[in-house]
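Protein chains: 2
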Amino acid sequence: MIVVKHVHYTEVELEEPEEQGIKDVKVRWVISKKDGAENFAMRVFEIQPGGYTPLHQHDWEHEVFVLEGGGVTKDKQNEKPFKQGDVFFIPPMEWHQFCNTGNEMLKIICLIPYK
Amino acid sequence: MIVVKHVHYTEVELEEPEEQGIKDVKVRWVISKKDGAENFAMRVFEIQPGGYTPLHQHDWEHEVFVLEGGGVTKDKQNEKPFKQGDVFFIPPMEWHQFCNTGNEMLKIICLIPYK
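Here the protein sequences line up with chains A and B, keeping their order.
The opening position of the first sequence corresponds to residue 1 in this note's numbering, with each subsequent residue numbered one higher.
The opening position of the second sequence corresponds to residue 1 in this note's numbering, with each subsequent residue numbered one higher.
The set of hints was computed from the structure by calculation and includes no laboratory data.
Just so you know, these numbers come straight off a predicted model, no measurement behind them.
Misleading hints may appear alongside valid ones.
One copy or any two copies: either way a pair holds, since identical chains are not told apart in the list.
[Said to hold, decoys possible] Within a straight-line C-alpha distance of at most 20 angstroms, the following computed SDA-like cross-link-like pairs (lysine to any residue) qualify:
#1 LYS115 - PRO92
#2 LYS115 - SER32
#3 LYS80 - ILE2
#4 LYS5 - MET93
#5 LYS34 - ILE112
#6 LYS80 - GLN97
Could you put the whole structure together from the sequences, leaning on the hints where they help?
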């Protein structure tokens, strides 16, 4: 039976993603198929100062909210600063990377569709 | 053409939802179909002290992250406190209500599927 899930995000296991091209990134899958979510998943990423997600592209979108910290986003040509409270919609096939260029932990909420 | 959207959430228009059973609630649709999001939408709700979302149910789920403030959630039987950093998965057809019982603004990110 699928029931309401209510937890503090820090209660969810902090995992090490197995992905190439990342540095000092950890992730909590705070809402996923395990909870009965059929349409999209919510993850919270924690990226240490100097760390980064991979510079990559894929055929699904990201919806991102920057919880804490800041840094720069990169595609293949440009980089652009971002800060706490910023929101990103990254359409399918757009190159993207999140880099923590600050001195504190960067935490972002990143949602992806299940399809 | 659908491009990357990058804004601070406070740059998105703050709207007054037209819904019965709410008090002192405003919403920003920070990522929606207008941006090319086809699978799910991200909204940020701002609920003043004493305000609340409707006690209601519907056939789609919510994925919620509590950005600032706190309060209590209610269904038809129970109420339960929540705080900043709490995450909710509310499955389809579950009764739910978010009430700001604190002294500061309550801000929640709430995502819904497009289907």
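Structure-based check of all given hints:
| no. | hint | verdict |
| --- | --- | --- |
| 1 | LYS115 - PRO92 | both (13 angstroms within a copy, 18 angstroms between copies) |
| 2 | LYS115 - SER32 | both (13 angstroms within a copy, 18 angstroms between copies) |
| 3 | LYS80 - ILE2 | between (41 angstroms within a copy, 19 angstroms between copies) |
| 4 | LYS5 - MET93 | between (32 angstroms within a copy, 14 angstroms between copies) |
| 5 | LYS34 - ILE112 | both (15 angstroms within a copy, 18 angstroms between copies) |
| 6 | LYS80 - GLN97 | within (11 angstroms within a copy, 38 angstroms between copies) |
Checked against the numbered hints above, the structure violates none of them.
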